[in-house]
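> Just so you know, the sequences run in chain order P and C. Residue 354 in UniProt numbering is what sits at position 354 of the first sequence, and the numbering runs on without skipping anything. Residue 176 in UniProt numbering is what sits at position 176 of the second sequence, and the numbering runs on without skipping anything.
Among the clues, some could well be false.
[Claimed, not checked] As a list, the in silico BS3-like pairs of lysine-lysine whose alpha-carbon atoms are at most 27 Å apart:
1. P:K381 with C:K64
2. P:K385 with C:K55
3. C:K173 with P:K379
4. P:K267 with P:K422
[As the list claims (entries may be wrong)] Selected chain C positions facing chain P (in silico; Cβ < 10 Å):
5. P41
6. K44
7. I47
8. E136
It should be emphasised that the hints constitute simulated quantities derived from the structure, not laboratory data. Beta carbons are placed, not taken as given, at the ideal position from N, Cα and C, and that holds for glycine.
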Amino acid sequence: MFCCPYIMWRSGGEDLQGFYPVRPECLADVPRTRFKSRAGKTLSARRWHAAFTEDGHLDMEKVLRRIQRGGIHPSIKGAVWEFLLGCYDPDSTFDERTKLRTLRREQYAAWKQECKTMVPVLGTGTYITMAVVQQNGEPIDESSVENQGWVVKETVRDERVLQWMLSLHQIGLDVARTDRYLSFYEDGANQSKLWDVLAIYTWLNLDIGYVQGMNDICSPMIILFEDEADAFWCFERAMRRLRENFRATATSMGVQTQLGVLSQVIKTVDPRLHQHLEDLDGGEYLFAIRMLMVLFRREFSFLDALYLWELMWAMEYNPNMFATYEELEDRNNNNNAADDPKLLKRYGKFERKYVNSGKNERHSNTIAVFVVASVLQTKNKRLLKEAKGLDDVVQILGDIAGNLDAKKACKEALKIHEKFLKKANRP
Amino acid sequence: MAFHSEDDKSEDYLFKIVLIGDSAVGKSNLLARFARDEFYPNSKSTIGVEFQTQKMDINGKEIKAQIWDTAGQERFRAVTSAYYRGAVGALLVYDISRQQTFQSIGRWLNELHTHSDMNVVTILVGNKSDLKGIREVPTSEGKALAEAQGLFFMETSALDSSNVAAAFETVVKEIYNILSRKVMSSQELNKQDPASLSNGKKVVIPSEEQGESKKGGCCST
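Bound-form chain P, shown alone:
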């Protein structure tokens, strides 16, 4: 392999941390960032702009290839994420997208207005941290100071409105401690932007409501997008993949479905490790909840988590995603793609495996599960040798903070995925 010093200098020289500055007094508490923009690998602004035709059609195949090789340069992350997450169709023109964006912003403004009539604090640059109503809908008036002088005046009788109002202070309590080590959130207006988006999302998704951890998913969107409505839509699309994890009942949480898949995967690819965990009463894999719910936000530095996310999303990319979300008729369904290598290239590496196997049913396996599996596998020896209780398992997995390489983890995840599909399909 040939590597000249000039390339080395070019690839490693840029201070990317500057894109998401950390408050100086918090530097010691933050995991170090491993991500580096690499020439020839990372999707750069130049490459990105070159991937559009004159009228705005995007060569997604090329873009995906780049991202899967080296992530996205911070200067264009938001714009690229919109395509990765299915906010926009790469097969559309600049004009079409501008129209759609305008529509979406108007829609968001309307929802915001609807919420604002119920809770005037919304959109004022401040937010609520104290409960405003009791479970029975009666107002709590002593909280007015903390809630910017606003109180609910009458008993809330509408069940939906009540459910929503009951969650508002929880959102506030979490916003107040979301990524506060980043300089960005020193500005109260940015905190309240996060609160607004989460509150409005909650209003529109009352079947799941607000659950702790959504703030960790939403925060990067607030940072990446200048426009609040754009941030909302990107978050909304990301949540399409994640929302079931947050569905909670009295007896279970949605994420346990993924934990069940994880259990199946480890059982299949590393039966010894699975048995060991089961012996430690960890067969339910509850210790992996956080990794799956906030997609490794706590194990990685801010920038590295974003890098991991875009790798995963690129690998999971399905060209029909936009149409599915928009509930349009699928232009090309998976059946054809399996026979057509050209079409197949438009899928991410992970998604391709499913399409290729000819299985057409919607699968609920996400690459995140396999990334967790890869993390467990890399710790396999220590877990087998040193873990004598669930506490040791948590401890050993806790040591990975700041020590994981996002790309390696994804690469391993793909391998495990392949192994799993092979073994699982064996009669």
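Given the coordinates of chain P, assemble chain C onto it according to the supplied hints.
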């Protein structure tokens, strides 16, 4: 036992303790203060469960407190309550500057009693005692509730560290005392007896499911 190793002898006892209470009352920072003498003004919400172990010395015995820190939001109840099983101690935390967190204590007690199959040594903790200016729950109210429910009580501040170690130690010492009495009485009887004792409060040390692995809920002497 399959997982027994040499260094087991260094720890005389292992107690599982849970930290519960409403969101943002300071559970994680109480633990950080106790286990590492640290405080994070920028700490994040706990997702699911996290944990720390802390070694303590009680009457010359080394005791390992395994402390499970849980998410405060009710939505997590289904998964956090799974961790109550096997707990012998609990810190039930509220924030003295937020009345609402104190009102939830009853709910948390029910929760604890439903999911832990034994009576757990419990201390009621009014945290953030440094916030004197905006106190909403008088000390006397906390004390009264604790007495009515038969709980220990203490006001703490994870920020200025007052009473933090004392709160944990109170729980651990009590578990230890109950346990030593239990060991003494069971030595006369049979060692297998799963220890139910009457000293005002009934404390049963779990031994069934966890006794199988190296780290039983307690006593690996």
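> Does each hint hold? Answer for all of them.
Verification of the supplied hints:
1. P:K381 with C:K64: holds, 25 Å
2. P:K385 with C:K55: holds, 22 Å
3. C:K173 with P:K379: Given pair K173 (chain C), K379 (chain P) is violated - Cα atoms ~36 Å apart, limit 27 Å.
4. P:K267 with P:K422: holds, 14 Å
5. P41: Holds - the Cβ of P41 (chain C) comes within 10 Å of chain P, reaching about 8 Å at its closest.
6. K44: holds, 6 Å
7. I47: For I47 (chain C), the interface hint holds, since the closest Cβ of chain P sits about 4 Å away, which is under 10 Å.
8. E136: holds, 8 Å
Comparing the model with each earlier hint shows a violation of hint 3 alone; every other hint is respected.
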